[in-house]
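Protein chains: 2
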Amino acid sequence: MIDYKNIKVIGFDADDTLWVNETYFREAEQEFVKLLRDYETPNKIDQELFKMEIQNLDLYGYGVKAFTLSMIESALDLSNYNVSSKTIEAILNIGKTMINKPVDLLEGVEDVLKQVSKTHRLIVATKGDLLDQERKLEKSGLTKYFHHIEVLSDKKEANYSNLLKHLDVKPSEFLMIGNSLKSDVLPLVNIGAQAIHVPFHTTWAHEEVTEKETNGKSYKTISSIIDILKLIK
Amino acid sequence: MIDYKNIKVIGFDADDTLWVNETYFREAEQEFVKLLRDYETPNKIDQELFKMEIQNLDLYGYGVKAFTLSMIESALDLSNYNVSSKTIEAILNIGKTMINKPVDLLEGVEDVLKQVSKTHRLIVATKGDLLDQERKLEKSGLTKYFHHIEVLSDKKEANYSNLLKHLDVKPSEFLMIGNSLKSDVLPLVNIGAQAIHVPFHTTWAHEEVTEKETNGKSYKTISSIIDILKLIK
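Sequence lines, in order, name chains A and B. For reference, each letter of the first sequence is one residue, going 1 to 233 in my numbering. For reference, each letter of the second sequence is one residue, going 1 to 233 in my numbering.
Looking at chain A on its own, in the form it has when it is part of the complex (with noise of 0.2 Å):
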C-alpha cells in the first residue's frame, strides 16, 4: 500500500502524463513511412525505424533529435542509399515541426498541480532532450508549480536513487506518477519509493512491459490524473 503520509517530494513525468507526447512520434513516423514508400512496405519501414532507434539507444539517448538521426540513418538503409537530399531535408523537417509543436496538456493536469502543490514539493521528472523538456515545460505554463525540473538520461533504478541523493529525500519519501510501467513505475517499486500509474492510450513499444515484470509490485493504477486528489490530500 501507498502511505501518503509521508510523502515529502512528489515527481511528475512530463511526456504524456503532463501532455501529449507519444502521438507527435506517432504521427511522425507515419510522416516517415509516407517519404519511404516507393522502397518498402508501410510494415517494415516502421519495424527497421523501431529496430535503429533501439540500436542507437545508448549512443543517442531519448529526444527528438536522437529520433530525427535515427530516421535519416534508416532511410539511408531502407533505400539502399538511394534516397534523395529532398527526402533527407523532409525527415529533418519532420524533427523541426515536432520540436515546434504545440503543448498540449491533458485533461484535470493543471487542477491536479494546483491542489497537490500547495502541500507538496513538486518536481518534473522526465527523459528526453533537455532543452526541447525545459522549452515545453515553460509553453505550459507549468512552470509555477514545480519546484524545478529533472531531466534524466534513461529512467532505471540507478537514475531514481541518483535522483532521490540529489534531492535528500528517502526512497519512501517520494512519489512518482507517469504513464509508463517501466519508466515511471517499476524502478520505483523496486527501490523502495511509491508509484502511481496515469496509463496514456498510447505506448512506445520500446515502454511495453511484461506481466511477470509486473507480477506482485505494489503501486496504484488510476484511469485519470484528477483521481491524484482523492488519494493525495
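One or more of the hints may lead you astray.
A pair counts as met if it fits within one copy or between any two copies, since identical chains are not told apart.
[To be verified] With a straight-line cut-off of 27 Å between C-alpha atoms, the simulated DSSO-like cross-links for lysine-lysine are:
(1) Lys-139 to Lys-165
(2) Lys-170 to Lys-144
(3) Lys-44 to Lys-8
(4) Lys-165 to Lys-230
(5) Lys-96 to Lys-230
(6) Lys-217 to Lys-5
(7) Lys-86 to Lys-51
(8) Lys-170 to Lys-118
(9) Lys-182 to Lys-212
(10) Lys-51 to Lys-34
(11) Lys-101 to Lys-165
(12) Lys-86 to Lys-5
(13) Lys-96 to Lys-44
(14) Lys-118 to Lys-165
(15) Lys-230 to Lys-220
(16) Lys-86 to Lys-96
(17) Lys-170 to Lys-233
(18) Lys-86 to Lys-34
(19) Lys-51 to Lys-182
Simulated from the structure, these hints should not be mistaken for laboratory data.
On the provided structure of chain A, position chain B as indicated by the hints.
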C-alpha cells in the same frame, strides 16, 4: 576580489576545463570540409556550417547530436541537394565517432579535484547533450569527486540563477571555474557570484567575447587549473 572563505559550492565546467573537447569539434569540422570539398572552398564550408549551427541553436541546443543535424543540413545547402547518401552516412559517422571519443583529462585536473573536494562541495555544470556529458563524466573516472552533475540547456544568467536557487546557495557562496568567459565567467560575475577563468588554447567562435564585455568585471584568470590550489585552501 574573490572572497574564497565564503564559498560553499564550486562548479566546474566540463568541456575544455576538465577534459579536451573543442579539439574534437575542430577535427570533425575538418572531416566535414573534406566531404564537401567538391562543392565549395574550405573557408565557405566552415562559415556556412557555423551559420547553420547558430541558426539552429534555439531549436537544437548544444552538443554532438545538434552538431550532426546541422552538418547534414549544411551539406544539403552547400551541395545544392547534390550530396550523396554515402556522404550523409559519413556525416552521421563523424557524429558517432565524436560521441565515442575517449575522455582525455587536462593536466592537473585530478590533483585539483582531489584536494578541493576535501573542503568544498563540487558539482559539474555543463551544457551539451545530457547523456553524452554523463557518459563523459563516468568515463573520466572523476565522478567520485562531485556531488552531482548539472547539465544546463544554456549558460546564461537566468540558467545560473535557477541553478543557485536549486542548490540553495547564495550567489556569493558559489564559485564557477571554466574556460569560457562568455559561459563560465561573465554571467556569474553579473549575478554576484564568483568566477575563475582557465583559458583553453581553442575557443569556439560562438563563445568569444569582446573586450567591452569583460571591461571592469571582477574575475580571476589563471593559466593552469593547478593554480586553483594556491587560491583555495
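Consistency of the hints with the structure:
no. : hint               : verdict
1   : Lys-139 to Lys-165 : between (29 Å within a copy, 21 Å between copies)
2   : Lys-170 to Lys-144 : both (25 Å within a copy, 21 Å between copies)
3   : Lys-44 to Lys-8    : neither (47 Å within a copy, 56 Å between copies)
4   : Lys-165 to Lys-230 : neither (29 Å within a copy, 32 Å between copies)
5   : Lys-96 to Lys-230  : neither (40 Å within a copy, 48 Å between copies)
6   : Lys-217 to Lys-5   : within (20 Å within a copy, 50 Å between copies)
7   : Lys-86 to Lys-51   : both (24 Å within a copy, 21 Å between copies)
8   : Lys-170 to Lys-118 : both (21 Å within a copy, 25 Å between copies)
9   : Lys-182 to Lys-212 : within (12 Å within a copy, 52 Å between copies)
10  : Lys-51 to Lys-34   : within (18 Å within a copy, 31 Å between copies)
11  : Lys-101 to Lys-165 : neither (34 Å within a copy, 30 Å between copies)
12  : Lys-86 to Lys-5    : neither (57 Å within a copy, 59 Å between copies)
13  : Lys-96 to Lys-44   : both (25 Å within a copy, 25 Å between copies)
14  : Lys-118 to Lys-165 : both (24 Å within a copy, 19 Å between copies)
15  : Lys-230 to Lys-220 : within (13 Å within a copy, 55 Å between copies)
16  : Lys-86 to Lys-96   : both (15 Å within a copy, 23 Å between copies)
17  : Lys-170 to Lys-233 : within (20 Å within a copy, 33 Å between copies)
18  : Lys-86 to Lys-34   : both (14 Å within a copy, 22 Å between copies)
19  : Lys-51 to Lys-182  : within (19 Å within a copy, 41 Å between copies)
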